[in-house]
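Student: Take a look at the letters that make up each chain.
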Amino acid sequence: MTPVFPVIHWPYLLPVIFVVLGAVAVLLWDTFFRSRDRTFLAALTLTTLAAAGGATLSALPGLPGGAVSFGGMFVFDRFSGFVFILILIASFISVLIAAAQMSLDEAPAGEYFALILFATSGMMLMAGTRNMLMIFIGLEILSLSLYVLAGYLRFDLRGNEAALKYFLLGSFAAGFLLFGMAMIYGAAGSVDLARIASHLHSHPLSRNPAFMLGLGFITVGLGFKVAAVPFNMWAPDVYEGAPTAVTAFMSVGPKAAAFAAFFRIVLMVGGYAGENFIAVLWVMAALTMTVGNLVAIWQANIKRMLAFSSIAHAGYILVALVAAQRGEALATGGFLYYLLVYSFMNLGAFCVVVASGRGGEERTRIADFAGMGYTRPVLAAAMAIFMVSLAGLPPTGGFVAKFYIFSAAIKAGYVWLVVVAVLNSVISVYYYLRLIVVMYMQEPGAGVDEGAVAGPERVSSYAFAALLLAVIATLELGLFPGAVIEFALRSGVLLN
Amino acid sequence: MIELAWLIPLFPALGVVINGFFGTRYTRDNAGHIASLMAGLSFLVVLGIASEMIFGSGGTHTIHLWDWISAGKFSVSIAFLIDPLSTIMLLVVSGVGFLVHVYSVGYLQGDPGYPRFFTYLNLFMLSMFLLVLGDNYLLMFVGWEGVGLCSYLLIGFWYEKKSASDAGKKAFIVNRIGDAGFLLGMFMIWILTDSLTYSEVFQAAPNMTAAGATAIGLLLFIGAAGKSAQIPLYVWLPDAMEGPTPVSALIHAATMVTAGVYMVARTSPIYAMGPGALEVIAIVGAVTAFFAASIGLVQNDIKRVLAYSTVSQLGFMFIALGVGAYATAIFHLMTHAFFKGLMFLGSGSVIHSLHHAPVEQQQDMRYMGGLKSKLPITYWTFVIGALAIAGIPPLAGFWSKDEILANAFFTGHYFIWGLGTAAAFMTAFYMFRLIFMTFHGEMRVDHHAREYIHESPYSMTVPLIILAVLSVVGGIIPGFPLEGGWIHSFLAPSLAKGGAGGHAASEAVQFVRVAVESGGGHEGPTAIILIILAIAIAVGGIALAWFMYMRNPAVPDDLASRFPGLHRLLLNKYYIDEIYEACIIKPIYRLMNSLWSFDANVVDGAVNGASLVTLVSSRFSGIFDLKTVDGAVNGIASMTKFFSQVFKFIQSGMVQNYLFVMLLGIFMMLSAYLFR
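Protein chains in written order, with this note's numbering: chain A, 1 to 496; chain B, 1001 to 1676.
Some chain A residues near chain B, calculated using beta-carbon distances under 8 Å:
1) Gly216
2) Trp234
3) Val422
4) Val426
5) Pro481
The set of hints was computed from the structure by calculation and includes no laboratory data. Keep in mind the model is a prediction, meaning the values are calculated, not measured. Backbone N, C-alpha and C fix where the C-beta goes; we use that ideal spot for every residue, glycine too.
Construct all of the structure, not just a fragment, from the sequences and the given hints.
Tutor: Printed below as a string of C-alpha cells:
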C-alpha cells in the first residue's frame, strides 16, 4: 500500500508561513536581545505583515478557481485572498496603533507583537479553509492570543477583568461551536464542507435535527465572535477594559475572519437548512443593528460607544449574509467591500482615541473630546471623517459600502430588512455626529489640562502613519470605489 | 461655458479648504473676503451658463466627470445636469448666496468664530450646488445631507448659547426623519427602475404602476417635508432662527428650505404617475400655509414672524406642486428667495443696529418702534419686500402667488384655494403688523441703546438694495402675462405636465391658459375676478394692520383679552412642541432608558427569578429526597456565591448574566427554527 501524500501548493501557503515565521522571529529576537525599545520589533512585525501581503498579492493573478492544499484543510481562492489582504492590512494598522500607545511602553513589547502575529495567522487559517476543524483551530489560535492581549497590562484591573470575562464567555461559545461541528459530523459524516455539501445533496436530510442543531450551534459560536445580538454582551465590557490598541485590533481583524468563516459555512451548506435558518439570520441581523445603535446613543465612554457601533456594523454585515444566502452575487462582494471600509474607518477611529491620550493616561470619555477641533485640529478632522464614514454618509467609503450591501439585500427580496437597516443607519448618525459636535462645538471642558490648551501636542509618527492610511483609504473608497469594488465582486463570485 | 459647470462647486470647495485649514491662523479677518470671492466666482460662472441657456440653445446638458458606483448594469456617476430647472435654481442659489456672503462680511465683523462661519457658509454653497447640479438621486442626496449638516452647524454657530445648540439638535433630528423617507424613496425608485439617474428613471416612469409611483412620491415627500418644513415636520424651522441672521436669510428662507420643492419638481414625471401623492402634497401645503400664517399673526420676535412666514410660503409652493403647477412652484420659489431673503437681511440690519440693547430685547418688536427715520434704507427696502409678499402688483410676489391660487381654483381645489386665500390675507396682515411695530409709532428702544442706533454699513445695505430691486422686477419680467410668462415656456422641458386628478387637472390648467391667452392678457372673466379678489385681500390685510397698529393701537390688546384662549393658542404655536414632547420624545426616551437598564434590571431579575423558582419549587416538591434536592440547591447557591465572590473582586462582573442572555438567545433561536 503506497501512502497518499496530500497535494500542497506551497506558494499559496506562503502568506501564512511568513506570518508564523515572523511571530517566531519576533519572540526569539525579544528573548535574546531584550531592550525597552519597541522600534525594531515594530518594524520587524510590520515587515512580516507587508511580506505576507506581498505574497498574497503576487499569488492572486493567474490563480485557478481555487487551490486546495492538504485535502481541503487549506484553500486559497480569490475569497481567501481578499480576506487575507484585509486581515493583513488590519493587523498592520493595529501594530502601528500599538506602537503609538504610550501606556504599552511599560509592558514587554516582544510578546505583544508576537501575539498579534499569531492571532493573524489564526485569522488567516479561519478564512482560508473549508474544513470545520481547521476553522476551529484557527479560531482557538486567534482567541487564545486575544485573551492574553486583552489582559496585557498585567497590573490594570480593568484589563484583567476584561480578559477573564472574555475568556469565560469565549470558551463557552467555543464549546458551542465545537459541539455544533460534532453534530454536523454526526449527521453528514465529514468535517469537510465540500463533502458535507455533496453528502447533503445526495442524501437530502430534510430537517435532519442533528444537522440543523449543529448549524444553529455554529451560528452561536461564530455569532459570539462577531458580537451579534444576543451573543454580544461581552463586547462592551471587553472593549472598554482592554488596552485601546488591543480593542482596535479586536474590533476588526477577528470580526473579519469570523465573518469569512461564517460566509463560507453558510454559503456552502446553509442552503440545506431551509427557510427557517434564513429567518434566524434575518432576525439576528435586525436585532443586532437595532440594539447596537440604540444602546450606543447612551454611551459616555468612547470605547463603549465604538463597541456598540461595531455591534451595529456586524448587523449590517449580517444583512449581506442573508442576501448572499439567497444567491445574490452582489452580496458577497459587498460584504468584502464593507469589511475593508469598516477596517479602515474603525481602526482610524480607535487610532484617534489612542493618539489623543496624554502620556500614559488614556482619555476615553466622550467629554474628553470637547473642543478638540481647536486643540488638536488634525486628530479632530480625522475623527470627523471616520465618524461620517461610520455613519454611512457620503462622500466616504462607509456610504458606498452600505449602499452595496443594502442594494444586494433589496435585489434578494429583503426589502423590509433594508428598511430596518436604513432606519438604523439614520439613528446611528445621531451618536456619530454627536462626537463631531463635541469636538467642534463645545469648549474644552474641565477635564482638559493646561497642556492641551497651550498648544497642539505632537502626534506620534506611528499614529500619524496609521491615520494617514486610514483617512486616505476611507475617502478613496468613498470617491473612487470602482477598482476595489470590482476586485471585491470578483473575489466574492466563487462562493455563490 | 456649459461644460465648465464643474467650476461652480469647485470654487466654494476651495474656499472651504483655505478657510478651514488656515482660517484660525492666517486668513482670520480676510476669511470673509475669500469666501465672498469664491461665491462671486461661482456666481459669474452661473451667469455665463445661464445666459447661454436663456439666450442660446437651451436644452439639457450632462457634464460627466467620473463613474462613481457601479455594479453590473447599474451605475451612478458624478455628473452634473444643466437644464432649465437647474439653471433657475443655480441663479437663485448663487445669486442670493453671493449677496449673503457680502452682507455677512459686515454683519459678523469681530465675531470670534469669523473664519469658521465662512467655512461653513462656503461648505453650504458647495453642498447646495451638488444638490441642484447632480444628475442622479444619489448625488442629490449627497448635497441634501451636506446642506443639512451645514444648517445644523450654522444654527448652532453660537454654541455657547444653550438655546442655539438645542435648536441645532432639533433641526438635525427632525431632518433625519425626513431623510429616512428620502432614502427609502430612493430605494424604491431603484427597485422599480433599476437606476437612479434622472434621465433613465424618468424614461421608465411612464411604466410605473400608480401604487408604486404614489409610494415613491409619498416617501420622497416625507423627505421634502422635513427639509422644507411642512406639517408635521416644520417644528425645527422657527427654532432655527437661533442662528446668525444671514444664515436665516440664505439657508432658512431662500435656498436650503426650498430643496424639497426642487426635489418634487425634479421628480415630476414620477408624480405625474401617482396623482394620489400630489393630492396629499396639496393638502399638506395648504394646511401648512394657513396654520403657519395664523401663528405668525401674534408672534413678537421679528425673526420668528419671518420664520413662520417662510413656513407658510413654502406651503404655497407645495400647493402649486400638488395641483400640478410645477413651473409656478419654482417661480414662487424664486420670487420668495428675493423678498424673503431681503426681509431677513433687513431684520438683521435692524438687530445689528440695536446691538447695544439688552439681548432679550434685540429681536423683540415690542421694544422697537420708530426706527424708520434712523434706518431709512432698511425701512424702504423692507417695505418693498413686505408689499411683494403681500401680493401687491406689480411686485414679484403678486405674480407667483396669484398663479398658485388661480391654479388651485381652476383645478377644482376650492378648499385649498380657500385656505390659501385666507393665508394670503393673514400674510399681508402680519407683515405690515411687523412693519408698523418695528419702524413706526413711538420709539420703545432701551434708552441706553438709542444713541447707538445707526444705519448699517454699505456691505449690508447694498445687498438689501439689490434684493429690493429684484423683488420689484423679479415677478413681472419672467411672469408676465399670468400663466403665460416666459418662465413657463423656459421651464417646460424639465417638468412633467398634469397633476392631481390626472388629465382633468392638466386640462383645467390648459383651459385657464387658453382663456387667458385668447382673451389677450387678463380677460378671462373668472380669472379677472380672482385677480381683483387677490389684490383686494392684500390691500385689506394691510389696511387691517394699519387700523389695528397705527390708527387704534388698543385693538390688539382688546382682542387678546376678548379671545384669551385663541390668543394663547396662537402665541404658543398650538402647543405643537409640547405635544411632540409628550407623545414622541418622552416615550422614546423611556424606551431608550429601559433598553439601557435592561441589563441591570430585567436580566438580573430573570436570573434571580430563576433561582427563586428553583428554590421555591424545590421546597414544595417534598416527594424527593430532601437532602438531594437541598444538596443540589445548596450546590447551585454556593457555586453562585463562589462566582459572585470571584466577580465581586472585579466589580461589574455579571458574566452569569451574559451567559444567561446567551442561553436565552440560543433557546429562542433553536426553538424558533427547529420546532416550527
